[in-house]
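**Q** Sequence order for the protein chains is G and Y.
So the first sequence is numbered by this note's numbering: it starts at 1 and just counts up by one.
So the second sequence is numbered by this note's numbering: it starts at 583 and just counts up by one.
Heads up, a few of these hints could be off.
Unchecked claim - Label pairs and their in silico Cβ distance ranges: (1) G/D339 <-> Y/R979: 35 to 45 Å; (2) G/I479 <-> Y/T653: 22 to 32 Å; (3) G/I558 <-> Y/R707: 56 to 66 Å; (4) Y/S870 <-> G/D171: 24 to 34 Å.
Said to hold, decoys possible - Restricting the straight-line Cα-Cα distance to at most 30 Å, the calculated cross-link-like pairs of lysine-lysine (DSS-like) are: (5) Y/K889 <-> Y/K944; (6) Y/K662 <-> Y/K818; (7) Y/K728 <-> Y/K690; (8) Y/K708 <-> G/K276; (9) Y/K818 <-> Y/K780; (10) Y/K728 <-> Y/K708; (11) G/K531 <-> G/K243; (12) G/K276 <-> Y/K662; (13) G/K99 <-> G/K276; (14) Y/K690 <-> Y/K818; (15) G/K276 <-> Y/K690; (16) G/K99 <-> Y/K690.
Derived from the structure by calculation, the hints contain no laboratory data.
Ideal placement from N, C-alpha and C gives every residue a C-beta, glycine not left out.
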Amino acid sequence: MVFLSPDRTNFGLLARFARRRLAPNRYDLVALAVIGLGAVLIVHGAQEMNLPLANLHTTPIVLDPARLPEYALRTTLRMFAAIFASLLFTFIVATLAAKSRKAELVIIPMLDILQSVPVLGFLTFTVTFFMGLFPSSELGVECAAIFAIFTAQAWNMAFSFYQSLRTLPGDLDEVSRQFGLSPWRRFLRLELPFATPALVWNTMMSMSGSWFFLVASEAITVGNTQVTLPGIGSWLAVAIEQKNFTAVAWAVGAMGVVIVLYDQLLFRPIVAWADKFRFEQTASEEEPRSWFFDVLRRTRLLARLGAPLAALLRAIPVPKAPKVSLPQIGGPRTGRWFDIAWLALVIAVTIWAALTILRYISHTVSLHDALTAFDLGLITLLRVLILIALASLIWVPIGVWIGLRPVWTERIQPVAQFLAAFPANVLFPMAVIVIVAWKLDPDIWLSPLMILGTQWYILFNVVAGAAALPNDLKEVSGIFHLGSWQRWRDLILPGIFPYYVTGALTASGGSWNASIVAEVASWGHSRLEAKGLGSFIADATSAGDYPRVALGIAVMSILVIFLNRTVWRPLYAFSERHFRLD
Amino acid sequence: MTMTLERPIETDVDLVEVRGLRHVYGKGGGAGLLVLEEVNLTLRPNEIVGLLGRSGSGKSTLLRSIAGLITPTAGTIIVKDMPGDDSAHGVSMVFQSFALFPWLTVEKNVELGLEARGVPAAERRKRSLAAIDLIGLDGFENAYPKELSGGMRQRVGLARALVVQPSVLLMDEPFSALDVLTAETLRTDLLDLWAEGKMPIRSILMVTHNIEEAVLMCDRILVFSSNPGRVIAEIKVDLPQPRKRLDPAFRALVDDTYARMTARPSGPPASQGAFPGLGLGMALTHVSTNTLSGMIEALAAPPHHGKADLATLANELNMDADELLPVADTLQLMRFAEIEGRTIRLTPAARRYANAEVDERKQLFAQHLLAYVPLAAHIRRVLDDRTSHQAPATRFRDELEDFMSEDYAEKTLDAVVSWGRFAEIFAYHEDDDRFSLDDPA
Chain G
1 MVFLSPDRTN
11 FGLLARFARR
21 RLAPNRYDLV
31 ALAVIGLGAV
41 LIVHGAQEMN
51 LPLANLHTTP
61 IVLDPARLPE
71 YALRTTLRMF
81 AAIFASLLFT
91 FIVATLAAKS
101 RKAELVIIPM
111 LDILQSVPVL
121 GFLTFTVTFF
131 MGLFPSSELG
141 VECAAIFAIF
151 TAQAWNMAFS
161 FYQSLRTLPG
171 DLDEVSRQFG
181 LSPWRRFLRL
191 ELPFATPALV
201 WNTMMSMSGS
211 WFFLVASEAI
221 TVGNTQVTLP
231 GIGSWLAVAI
241 EQKNFTAVAW
251 AVGAMGVVIV
261 LYDQLLFRPI
271 VAWADKFRFE
281 QTASEEEPRS
291 WFFDVLRRTR
301 LLARLGAPLA
311 ALLRAIPVPK
321 APKVSLPQIG
331 GPRTGRWFDI
341 AWLALVIAVT
351 IWAALTILRY
361 ISHTVSLHDA
371 LTAFDLGLIT
381 LLRVLILIAL
391 ASLIWVPIGV
401 WIGLRPVWTE
411 RIQPVAQFLA
421 AFPANVLFPM
431 AVIVIVAWKL
441 DPDIWLSPLM
451 ILGTQWYILF
461 NVVAGAAALP
471 NDLKEVSGIF
481 HLGSWQRWRD
491 LILPGIFPYY
501 VTGALTASGG
511 SWNASIVAEV
521 ASWGHSRLEA
531 KGLGSFIADA
541 TSAGDYPRVA
551 LGIAVMSILV
561 IFLNRTVWRP
571 LYAFSERHFR
581 LD
Chain Y
583 MTMTLERPIE
593 TDVDLVEVRG
603 LRHVYGKGGG
613 AGLLVLEEVN
623 LTLRPNEIVG
633 LLGRSGSGKS
643 TLLRSIAGLI
653 TPTAGTIIVK
663 DMPGDDSAHG
673 VSMVFQSFAL
683 FPWLTVEKNV
693 ELGLEARGVP
703 AAERRKRSLA
713 AIDLIGLDGF
723 ENAYPKELSG
733 GMRQRVGLAR
743 ALVVQPSVLL
753 MDEPFSALDV
763 LTAETLRTDL
773 LDLWAEGKMP
783 IRSILMVTHN
793 IEEAVLMCDR
803 ILVFSSNPGR
813 VIAEIKVDLP
823 QPRKRLDPAF
833 RALVDDTYAR
843 MTARPSGPPA
853 SQGAFPGLGL
863 GMALTHVSTN
873 TLSGMIEALA
883 APPHHGKADL
893 ATLANELNMD
903 ADELLPVADT
913 LQLMRFAEIE
923 GRTIRLTPAA
933 RRYANAEVDE
943 RKQLFAQHLL
953 AYVPLAAHIR
963 RVLDDRTSHQ
973 APATRFRDEL
983 EDFMSEDYAE
993 KTLDAVVSWG
1003 RFAEIFAYHE
1013 DDDRFSLDDP
1023 A
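Make the full structure from the sequences, and use the hints.
**A** Okay, structure coming up:
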């Protein structure tokens, strides 16, 4: 209750208040409710995370739908904590790689390898470390889980940011240098905006990717360490163990709701906002839209409240870093010697590291084991290749059909992207039931699970490619009445090829990672295993056999890098050279 | 208007002084390309100076050196301020591509330089609004660049350069990305502002390849030779402003400038023409065979009958000097034309070419290509010698890189590939980057 004296000035104040439209409008209500709820939930979840570790053992996961929102909240918070860490990692590491040639020499190959290392691999080695960091607090395990999610997210984001920094438009770079922008201002005005659209897209992809490893990162089973953190992933693990079909369905529903929520309330608005950073000088025809972004923009009170905050932010004096001009030691000649010395150092450290790993593994692992792991790796490689081929056979025609019909494209595209974001492994139990019931061969029939979640990348990239086919080329093939085979050979396949390669590349990477969860699937006590590198790593992880985990990961990294270098990269370069339509 | 500064009285100070500038691109060890050699330049208050030359003459490099964007290999550059308490100082630059930040509004774009200098927000706003107003963009403060036409974008670029009150304004082909009409309007507006002393700047240094533009705007024109870039002539333009393009004195000056641009330095023998390097190491410019044929036909036809004045020809074909000259140079290299002063004359071979059918043209072109372009002859010889009649392109690229930078090697090879294809003396396969003798039919 606000008391106002009948004084004219005060009355005038109120009138002015109303006139200046400071009063909240209905958009304020919506925005305020959403933002307020978000804040409350974050605080609540963060408090829970800091409970003592003993609490975790005394309160096991209860499959009660009433608890589900709470679990969903914890899971979501973890994912966002990981995204935040990934962004931080991206800004620091990618910037370093882009700015320093010496750092680049080390960072870029390292990122390349790290992104081929399966997520579970990281978890195995870090969980004990994090638990030791915060003994007797849930925080340690939380950190391990968050770190696992982080490893599923960070690499592609860092790559995208690095690529943006390396392809800054030359004239804008010259303007910034000519005006002598400080590094910090240059980052805010040029580098960050330019990199934003690609980074946003990659963040969304990362978010989708990390759902896939939710079960593995929440219900941690490494050797003797067995923890189940409250969350949807653990719920799912328990539900599968108890053969509780309804609970699985609940979890699937909860995931769907969470994905839709953060997509609508966070990512769509960000995409709509980031559109202004797209580097083009002409207005594009179609702008991404978001209802929540529109609500935020139409708010009156929030905008007013936000203004002083923004002013405050602007007023914070930008730390004027003293101009550090590195003393040029000697001429370019000494610089070259410096480079060579640095390269030698890097090579030396690499060899030393390789030897250390080799020594570590060779203590318990024989050459025979290594060969076995390699054999299994080849089986998984075969699976990946066959599955990509099968998925292409199915989705390319369908994608083209959709892409050539704008109405359908508009309808299907969001669905395909949602499916790609949806963790397909929640459906694994069904596969187990079917395989057990029909007595099928798990070596063959578990395989499709690997591509269940990643095939959508092929679909929505092909749809985008077909939709982008230039109209004049379509008209030409219409005028000459090209037969359907000729139409496919000369127009459609070359047109969608670059898009297809992008999709297949993503799908292939995802499938390798998925093999660890897909080659071993269980439903209650029925546990199925397909022979392959994925199940090899999964088994070694649950047995706490670290050398074997290391071996499996090393073999998988080598195979993934091999596949990328011999198949995907050349294909990519080929399509860049021949099939660019612009 | 707060922007208006008192026009200083004529002073003797040299605002920009460039002495013995030399710049080598690429590798440090001599293999790089010499783009600027022994360039001297003095910029005094109250003058507009134009740097004129064909592409590759290093004029942009010179401008960027003065702007501090490039560190030249050797030589000194001194940028001085006006004496006394003149508030204008330093240099600022306008870019050919406008170089606006698409995510910033017009106002924020203009404020960029002030922000970098730590000018407080209120003053920034005041000054940028004044600059926007001055340049005729008021009302567009909150627009994003993508909402503006090309001419308006360059106005933003101009306002952004002016708002920091530089004493020297550097302009890098500021009008060449605009259509003819818009460019003319902007030129006129800029000259008006300059004449009325409304801009805070003390002098302008602009790069252009458009001779008429240079004669229209500048008080002094420095003509650059190419490969390496040197100042080969200085032309004073004393015509009163505003200048009329149809004025006979104006035309005479344009013609004279053409002659100076095509003039050969006494050094290399005429046979080597305008291209740097000798023999295999000659850096070529890619001119389409269609353009070459078109030029021969245009020259052979009336009213020229095989002989024409370069400036007249450029005017008639609606080409800029830096578009026309490489064509003329290539014709001269292949002995299809001779250039003397500002006149170009077809050789008898070229007259035969003009009257020939396609097949005979190809034969004639092949003869001249093999005889006068050493690289083409070299590729053909290698292909003939090998039993497979094939050779990877990298082989020739590597050879070229002994003489020139990677970039130039690529361009040179592109030129020879395109000419060789037309002459059918060899085939080139893009897929696996190799040359072969097989008939591409």
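**Q** Which of the stated hints cannot be reconciled with the structure, identified by number in ascending sequence?
**A** Hint check: 1, 2, 12 and 14 fail, others pass.
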